[in-house]
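In the working numbering, each residue's number is its place in the sequence shown (first place is 1) plus 816.
Worth flagging that the hints you see were computed from the coordinates, not collected in a lab. Please read these numbers as outputs of a predicted model, since none were measured by experiment.
Result set (SDA-like, lysine to any residue): computed pairs, CA atoms no more than 20 Å apart in a straight line: (1) K886 <-> E856; (2) K886 <-> E897; (3) K926 <-> R841; (4) K886 <-> E857; (5) K898 <-> R940; (6) K896 <-> A929; (7) K948 <-> V839; (8) K896 <-> H851; (9) K886 <-> H851; (10) K948 <-> G838; (11) K898 <-> G863; (12) K948 <-> W849; (13) K896 <-> G863; (14) K898 <-> E867; (15) K926 <-> R915; (16) K896 <-> R860; (17) K898 <-> F868; (18) K886 <-> D942; (19) K886 <-> G853.
Here are the computed distance ranges between Cβ atoms for each label pair: (20) R901 <-> D943: 18 to 24 Å; (21) E867 <-> P911: 28 to 34 Å; (22) D942 <-> P870: 21 to 27 Å; (23) E884 <-> G924: 30 to 36 Å; (24) E884 <-> N945: 16 to 22 Å; (25) H851 <-> E925: 25 to 31 Å.
The C-beta atom is built at its ideal place from N, Cα and C for all residues, glycine as well.
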Amino acid sequence: MPSMLAEGGQAPKPPRPRNWPGVDRGLEEAAAWLHEGRLEEAERALGAVMEFSPDEPRAWALLAQLAERKGDEALAARAKEKAERLASRALSGMPVGVRLAKLYWRRGEKQTARAMLALLLIQRPDDPNVRKLLGEWGSACASG
817 MPSMLAEGGQ APKPPRPRNW PGVDRGLEEA AAWLHEGRLE EAERALGAVM EFSPDEPRAW
877 ALLAQLAERK GDEALAARAK EKAERLASRA LSGMPVGVRL AKLYWRRGEK QTARAMLALL
937 LIQRPDDPNV RKLLGEWGSA CASG
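Assemble the whole structure, with the sequences as input and the hints as a guide.
Encoded structure:
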């Protein structure tokens, strides 16, 4: 029976199509298109992210913004609720803020930082600091 571990004793990475930019990069692109008003492109990028990672709270937060822009208040409310639930589960009642998220990121606690970012995307959808973090962290993940 073949081993479930890759060479070196590490778990194998999940297969990905060659053109898959990754969750962080996909979210960064979706946010940029949403900001530019290119809703169809944003929707396509979010669809790809959510297909690969359906429990990604940042994707649900961006979907809420997209739905609001398209006038679908029911979907916006459901997506916002799901994003909050997913992010809150990861944070377990911790306080949330941009500075705190940056601190967790620098300490290497990327999952906690990303969960905070998801809540911040819901709480402050137009905050340029939050959008900047989404872009920076997506770039950091794509290059490292």
